[in-house]
Amino acid sequence: MNLNDLKEGEYGVITLIDENLYGVERLKELGFTDGTIIEVVRRSPFADPIMIKIRGCHLSIRIKDAKKIGVKKVEKYLLNR
Amino acid sequence: MKNICLIGNPNCGKTTIFNKLTGTYQKVGNWSGVTTEKKQGLYLDDKTVKITDLPGLYSLSPRSDDERAVLNYFIKEKPDCIINVIDGTNLERNLYLTCTLYKLGIPVVLAINFIDDLRKNGIKVDVKNLEKSFNVPVVTVSGLKGENLDKMINLAISNNKIIAKPTQTPYDFIRKNINAFISEQSTRAKKVTEKIDKLVLNKYLAIPIFICTIFTIYFLSIKFGGLLSEKVKAFFEIFSVNTKNSLIKINAKPWLISLLIDAMLGGFGTVISFLPQLLVLFLLLAMIEESGYASRIAFIVDKPLSRVGLSGKSFIPMLLCSGCTVTGLMATKTVESTAEKRASLFLSPFIPCGAKTAVFGWLSGVLFDGNVLIATSTYFLGLGCIVFFGKILNKTKIFSDDEGLFVLEMPTYRIPVAKNVAFVLWEKIKDFTFKTGTVIFAVSVILWFLSNFGFVGFVTNNKTQSFLYLIGNSIKFVFYPLGFSTPETSIAILSSFMAKEAVIETLGYLSPNVPSLFLNGYSAYAFMAFILLSPPCVASIVTAHKLLNGKKYTALMLIFQFITAYVVAFIINLIGIIVNAFGGLLFLVCFVIIIMITIKVTVKTLKSCGNRCVKCKGNQKCQKKSKRSTTI
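Protein chains in written order, with my numbering: chain A, 1 to 81; chain B, 1 to 632.
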């Protein structure tokens, strides 16, 4: 499952980032590291890009990049503990 | 002299702190060999302390131009101390950069910014714990209120502690300790931001709200700002008429009067008359940028624009180009990706600006019996060329995105601070007046010389003797394939580089019978297309040059725009020749073929993005289907 497969309002945990993605280092600097919780906040009215929340920050990335970020879906209630 | 620099993530409040520290003593310095602007200034309370504001960055790895510039700064200037400004409301992300600062081996002071915000929300920052973990002095500050800034500088002057080298990866370290550093990360402003976003980025409301905002900007800066510009222009005209009369009274030489009035006052007037429009525009843009809505606009329109190699951030520049290309190009400053910025600078002038619209209105009146459709069609011609040539540019190396990655930060909404807006406004206006203005002024003097002097000296009424006419006469053959090759049209094209509206004056002044200059209606339309697509006026070229960073790209831009104009005008003229030679029948056949190709391409484009965004708006099944179809 990749980041682009998450629906609006769903949460995931980053499992794998495609090392071939150009700019993967930049994503890591922004906090896209294995095990990080990520929330898909919404899609743009034209469906691309998507707005996500990671480490307390809102960012938007394009679908083509989101496809290269592997995630595992997590239910929200499990996150709040 | 102590040398202190501010670094931090983009949007962490560095510049506000810098402005508070240096007050009016700041100056903008373009450093040699680097592409990005950095600011340097002297500390208000102690003039022996030099403070540098570096561009915002996420890490020290030199990937973008900005980051390379920062690294160069560290190598060349060797600052005595770094103040790492940290957005306290985004502590987790901001501390990543901090963790990597040990590599520089330069003493660091941490400044946790927005402490007033945090305090209001009852959030506590554990300064002691941060100091212990990073082994450097930590101070909580508020750039906006100026709180603790003197303490921060004093710490920086005396500090010689370097960031402790972390034993684990930065984010693991931060994650483990974040709860010890700060009591909570979610502020009220963030919650409000989420609520506002729910409204302004709502699936159904986002586009209407966006259109309303755009309309307001467009209306105010182009109509209202334009009105102010007209007033200034009118004032200048009265002023120059009065000066001219008094010069005639004292029996000044005609060429001297012409130089003073037409060239110098005229050139000065052109520069000044841009200012009110720019002022209104920059004010609105600064407000939209400061508030955080600009990122949302980019978020909304990114998809359609990315198809032609532009990004969401190129939208505002293109919109503004319909008023004045200079203002539009100035707005590309906000486009971060170098490739997309270049594409915006190359393509935006295809949108007819106010002056071009006036020319087309006049030409369609003289040549096409005032057919409104002809003038309006230029907008669509311009847009079509942006889409078509944008796609072509996107295929070339220098326009395929160098980052390949589009990450857009969606900042917390903030109410624009009047002082900040005013400061940005002043900077930009000053920049325009001194950098761009001087060149516009110089060029208008040169063009004045060429159009008023010839081998016979000062040309009073016989314009055919001027250098400009001679040049026009010698280059007219270039335009032969386009269907207009008279000295008059060549001069009109040359003078259009000074200001597009000069076409009206030139043609009207030089030729009593304008339609006779063209072969037929098609070549007249080809002329309009050429004026539309050829390189913009000098003011715009100069503005683009300042933003392109390199003569090579400016030259490339001019060549690209010239070729585009030439090719499009040639095709239009060719259609005219075909229609005239073989009659309407063949044209009809061609037309049907073109329509069919267009439909095919449109269907293909829709299909490629269709599965996701047109048919079912992000349905999961559809994406899988599209994936499967691409693998087969």
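Certain hints may be false.
[Said to hold, decoys possible] Listed next, the stretches of chain A that the computed footprint assigns to chain B, with coverage defined by at least 3 CB atoms under 8 Å from CB atoms of chain B:
| no. | stretch |
| --- | --- |
| 1 | 9 to 23 |
| 2 | 29 to 36 |
| 3 | 40 to 53 |
| 4 | 56 to 70 |
[What the hints assert, rightly or not] Here are the computed lysine-lysine pairs in the BS3-like style, where the Cα-Cα straight-line distance is at most 30 Å:
| no. | chain 1 | residue 1 | chain 2 | residue 2 |
| --- | --- | --- | --- | --- |
| 5 | B | K303 | A | K64 |
| 6 | B | K176 | A | K28 |
| 7 | B | K333 | A | K28 |
| 8 | A | K7 | B | K190 |
| 9 | A | K28 | B | K395 |
[To be verified] Restraint-style ranges between C-beta atoms, simulated for each label pair:
| no. | chain 1 | residue 1 | chain 2 | residue 2 | range |
| --- | --- | --- | --- | --- | --- |
| 10 | B | I214 | A | E8 | 53 to 61 Å |
| 11 | A | K67 | B | I595 | 29 to 37 Å |
| 12 | B | E184 | A | K73 | 22 to 30 Å |
| 13 | B | I207 | A | M1 | 23 to 31 Å |
| 14 | A | K7 | B | A234 | 24 to 32 Å |
| 15 | B | N11 | A | E25 | 18 to 26 Å |
| 16 | B | I595 | A | E25 | 43 to 51 Å |
| 17 | A | Y77 | B | F215 | 21 to 29 Å |
| 18 | B | V601 | A | K67 | 48 to 56 Å |
| 19 | A | K7 | B | K430 | 29 to 37 Å |
These are computed hints drawn from the structure, not numbers from a lab. By construction, the Cβ of each residue, glycine as well, lies at the ideal position given by its N, Cα and C atoms.
Verification of the supplied hints:
no. : hint                          : in the structure
1   : 9 to 23                       : holds (count 3)
2   : 29 to 36                      : holds (count 5)
3   : 40 to 53                      : holds (count 10)
4   : 56 to 70                      : holds (count 9)
5   : B/K303 with A/K64             : holds, 11 Å
6   : B/K176 with A/K28             : holds, 17 Å
7   : B/K333 with A/K28             : holds, 26 Å
8   : A/K7 with B/K190              : holds, 22 Å
9   : A/K28 with B/K395             : holds, 28 Å
10  : B/I214 with A/E8: 53 to 61 Å  : violated, 25 Å
11  : A/K67 with B/I595: 29 to 37 Å : holds, 35 Å
12  : B/E184 with A/K73: 22 to 30 Å : holds, 26 Å
13  : B/I207 with A/M1: 23 to 31 Å  : holds, 30 Å
14  : A/K7 with B/A234: 24 to 32 Å  : violated, 58 Å
15  : B/N11 with A/E25: 18 to 26 Å  : holds, 20 Å
16  : B/I595 with A/E25: 43 to 51 Å : holds, 47 Å
17  : A/Y77 with B/F215: 21 to 29 Å : violated, 44 Å
18  : B/V601 with A/K67: 48 to 56 Å : violated, 25 Å
19  : A/K7 with B/K430: 29 to 37 Å  : violated, 49 Å
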